[in-house]
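Construct the complete structure from the given sequences, taking the supplied hints into account.
The chain contents come next:
There are 2 protein chains.
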Amino acid sequence: MTNAYQYAKNNQDRFLDEYIHLLKIQTISTQPEHAQDVADAAEWLKNMMLNIGMDNAEVILMPEGRCPLVLGEWHGAGDDAPTVLIYCHYDVQPAVIEDGWDTDPFTPTIKDGRLYCRGAVDSKLHVMSNLKAVESWLAQDEKPKANIKVVLEGEEESGSENINAFIAKHPERLSADIAMISDGAILDLEQPSLIFGLRGMCAMEVHVQAPIADLHSGHWGGTVHNPIQALSEIIAKLHDDEGRVTVPGFYDDVEALTDEERELVAQVVPNLEAEWSEVVNAPQQYGEPEYNIPERIGARPTLEINGIYGGYTGTGFKTVLPAKAVAKISCRLVPGQDPDKTANQVFDYIREIAPPTVTVETIVKESGAPAVKLDISSTAMQAGRVAYKHAWGVEPVFELAGGSVPITFECMKVADEVVIMSYGLKSGRAHGPNENIYLQNFYNAIQSTIKFIEEVGSSNG
Amino acid sequence: MTNAYQYAKNNQDRFLDEYIHLLKIQTISTQPEHAQDVADAAEWLKNMMLNIGMDNAEVILMPEGRCPLVLGEWHGAGDDAPTVLIYCHYDVQPAVIEDGWDTDPFTPTIKDGRLYCRGAVDSKLHVMSNLKAVESWLAQDEKPKANIKVVLEGEEESGSENINAFIAKHPERLSADIAMISDGAILDLEQPSLIFGLRGMCAMEVHVQAPIADLHSGHWGGTVHNPIQALSEIIAKLHDDEGRVTVPGFYDDVEALTDEERELVAQVVPNLEAEWSEVVNAPQQYGEPEYNIPERIGARPTLEINGIYGGYTGTGFKTVLPAKAVAKISCRLVPGQDPDKTANQVFDYIREIAPPTVTVETIVKESGAPAVKLDISSTAMQAGRVAYKHAWGVEPVFELAGGSVPITFECMKVADEVVIMSYGLKSGRAHGPNENIYLQNFYNAIQSTIKFIEEVGSSNG
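Chains U and F, in that order, give the protein sequences.
Numbering of the first sequence is given in our numbering, commencing with residue 1442 and proceeding in unit increments.
Numbering of the second sequence is given in our numbering, commencing with residue 1442 and proceeding in unit increments.
Worth flagging that the hints you see were computed from the coordinates, not collected in a lab.
Be careful, since some hints might not be right.
One copy or two, it doesn't matter: identical chains are merged, so the pair holds either way.
Claimed, not checked - Derived pair list, reagent style SDA-like, types lysine to any residue, alpha-carbon separation capped at 25 Å: (1) Lys-1678 <-> Thr-1803; (2) Lys-1830 <-> Pro-1797; (3) Lys-1806 <-> Phe-1758; (4) Lys-1465 <-> Ala-1498.
Rendered as structure tokens:
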């Protein structure tokens, strides 16, 4: 054991200060008015890479002024040593206090051992814990036995439009033996977990129009199909009474879990049931009754309404009969499913069930991403297992993640193996109000990545 | 025939100038920054009443500084003569040129025989044509044989909060034999129409919640009933496939039209079909197939979704699984139906069909108003018929209005009979951009009200 571990512990207060500094920068990649904030953060991160001893670091400007990548590299282990690529993203979701935050979303606030701020878990936790792990290694006389590349994305929360093209054009810049994607959440504060599968996604909008303009509901109500009602009727037909998606062919390509995989995910049933009661806490659970909670989240596709609007939505009342109603819909996909095929299945069905009294327009939003399955026996996954055990003191369990990490798919093109090292918690309210992380997670995460780098280095010995 | 008619024709250019003067005053009752404009208009109208020879006129300040009433009275016909109460409102909807106006909304502009301005039809047309009719009468040596009261409301477009209370507290101020409510639109430029029924209304909100907070749709999608979906499922059950409301008991108290009434409204089928194609122009008509368009609008109750929202509704995409979704719902009511009873029927049904996976909250919005039916054979309606025929040269047709004119209900408390004398056109874009009125409508309206006063006066002879 080197003393990188001790270095991290000795410097943990300063590390926390730097983490807080980054959290204050409003790196909201979907909002053009925050472009300067994103650029400032990128510059700050590049300088940090240089300061901690990486060989070179660079802010890579993206086409059309989109949020830049930050790349850093340390090649001191030599050409024969394995190379680990660490991916994180430094941009965040929008947040305003009116969404239900108890404190200002961009004023980091520590309370009862937790740090509250937009981006605290998703994903500046990962950016900072990994950079601080690299710093802890490079500060030692005895350097790591693996080369290190770090790539920090600035537009993960706004569609990752450019990173895929960048990887395709410059695969050598990110090529590695092992890619460690650091994002997401472990099972529990005291129970790390390794993800061996991620759901994919496709996203779309459905626009329903009936009259050519907003009407007075008294003058014309009763003679025209209210588009909100028509859209609701369409949405209501997309699931059966037990929560199965009714789109024809929707489940056709779904690859069923093996018996071994079902056993692995069954281990997390109690944790997820408990977490559901805390985080979701709806009057009842919902979803395909023949699958347990971790299977519904990780092994089954979904069709979710992410947003709906139409007519008057302000305070008070306006007796409008609106011209139009819109739903934003996304499907989470599992291995075997193709994003485009699934989107088209949904569109075909919506057009089939749409009443003739309205016009329906279907629009694909963003490029879809397929689901990903990772090999549990790989060097990368095993290094992750050892790293988690070192930092948390317990063996990680194995999970199927419900979310998408589209970069996983891209990293599989430039790295022989991929592992996802998540340091957040599901209860950390990523994307929601009062996003937060236990400070202990931050400290554990740094220790875990230090160990991970050691393990990858020793894998070549 | 007196020469009040000729007087009005002789003075029509001056009347138009005065109408234009009133139109320039931005009497937007919903916007506190226009409170002084409203007060100026009230003062100007009061002075006009005095100048044209009314016995007294008064600006009645309303509680909490809301827009005042203007009352005027001429009692020269004596205690034995009938009294007619004329109701209009002088406040207007907000308007800015960005809404799509071709000319400034508060700069009256005459083009091709039409006058464009916010309030041109709704409802300064009615205020001015009625005051100018009263002036034309009082300028004669031979005075009218009916006493006249005029009440001009200043907050019709912002909820009419105070006028009902004022009437309840001072019924004698507005008491009359006949109330003439002057607002709204006739069937067509060359075809006047008399409304013999108005729909009532009740308004409500339905809030559906599933998780306790917004969630990441990847993390939890598949395990919780999406509240937008649940709300859509509820809304989809409120109508059958042919557009009938499925709420149990909803139609129980509906009074069917008599055969004679069905014949009357059947006359306007061609006009409404043509207007539907121009104004609504959805891919197909919708609604109870056993009723024609004027019956669906005037004689059948509706349940309309006036607004819906939930989840992410901005540009782009956010893969949220929202905590909550809200629908704003209103029912248009017909004679026989009680607003509270109907709202409770809807609420009971929604609670009955709501799935156990979500919580549903139902909220009554605003106080409901029952529908109103007016007796075609009354002195007031027959005076209206004669007045329209005199001014337009054709017999009016009879209509059932789809909207509510809540003041009708209040006027029925202080007057024995009520008639609605509309002088606008449905194509006049009340509440919309480029609101306008044909000048000929203004001149016809003055002649019509002169005749109406004559008819009421002679009814006592």
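Status of each hint after checking the structure:
| no. | hint | verdict |
| --- | --- | --- |
| 1 | Lys-1678 <-> Thr-1803 | both (16 Å within a copy, 24 Å between copies) |
| 2 | Lys-1830 <-> Pro-1797 | neither (60 Å within a copy, 42 Å between copies) |
| 3 | Lys-1806 <-> Phe-1758 | between (32 Å within a copy, 8 Å between copies) |
| 4 | Lys-1465 <-> Ala-1498 | within (22 Å within a copy, 64 Å between copies) |
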